[in-house]
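Asks: When you get a sec, could you build the whole thing from the sequences and use the hints?
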Amino acid sequence: GNSVTQMEGPVTLSEEAFLTINCTYTATGYPSLFWYVQYPGEGLQLLLKATKADDKGSNKGFEATYRKETTSFHLEKGSVQVSDSAVYFCALSKSSFKTIFGAGTRLFVKA
Amino acid sequence: DTGVSQDPRHKITKRGQNVTFRCDPISEHNRLYWYRQTLGQGPEFLTYFQNEAQLEKSRLLSDRFSAERPKGSFSTLEIQRTEQGDSAMYLCASSPTTVNTGELFFGEGSRLTVL
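Those sequence lines, one after another, are chains W and F. Just so you know, the numbering used here puts 78 at position 78 of the first sequence, and the rest follows in order with no gaps. Just so we're on the same page, the numbering used here is the position in the second sequence counted from 1, plus 111.
Please note: incorrect hints may appear among the correct ones.
Here are the simulated DSSO-like pairs of lysine-lysine, each with C-alpha atoms no more than 27 angstroms apart in a straight line [stated by the list, open to error]:
no., chain 1, residue 1, chain 2, residue 2
1, W, K60, W, K94
2, W, K98, W, K56
3, W, K60, W, K110
4, F, K168, W, K94
5, W, K56, W, K94
6, W, K110, W, K77
7, W, K56, W, K77
8, F, K182, W, K98
9, F, K168, W, K98
These are calculated hints, taken from the structure and not from any lab test. If you're wondering where the values come from, they're calculated on a predicted model, not measured in any experiment.
Replies: Put into C-alpha cells, the structure is as follows:
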C-alpha cells in the first residue's frame, strides 16, 4: 500500500544552520506530495506541495523537490530560525479524499 | 475568516462512556475529513464526507465509531463504549471542491483521554 517514511526526530539545530528532513514514499502512479507543519498549540497547516515529478515546492524559505527516481521529497531550508521550531509532516495523496502522513519530525532551533 | 473549529478541545472520560466531538469546517468547504493522531505518529485517515454523504470509511473506524454530517455543514464523531486505546487526538479537516489543490485545512483537534 501507499506509505510515507520520514527521518526520526528530534532534530536540534542552532539558528542559521542548514536544515534537511528526509522523506521517502511508496506509492503506485504519481501521487501529490506535501509538507505540513504543526507549530506548538496550533493545527497542522500546509507548508508546501508538489504535484508532479521534478516539481519544486517552496514557501517561507523552505523547499522540497519531487524526485520520482528516488521516491523522495526531502525538506530543506538554508538558514533556520527559532520560529521554525515545530513538527513537520511529509504526506502524499493519490485521491482527493485520502492523504497519508508520515510520523512527523520534531525540529528544535536554538538561539 | 474563521478556520476549522473543533469542540471540545479536551475530553477526559472513563472507559465505557460515550463521547461526541463536533467539527465546524470552513463555511464554503464541501469536503470534511476526520483523522486520528496518536503520540509520535502522523494523522491517520478515519472518514470523509462530501456535503452530507459519507463516501469513505477507514478500517480503523470500528463499529463503535460513528460520524455524521446531517446538513452538509458541521459534523459529529461519536465514540461509544470508549476504550483506553481510543485515547488520541481527533483531527477534523476540510477542503473545497471547486479548487482541488489537495490541501487540507485542519482544526486544532480534540484530545481524548480514556481512563
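Asks: Check each numbered hint against the structure and report the violated ones by number, ascending.
Replies: No hint contradicted; all consistent.
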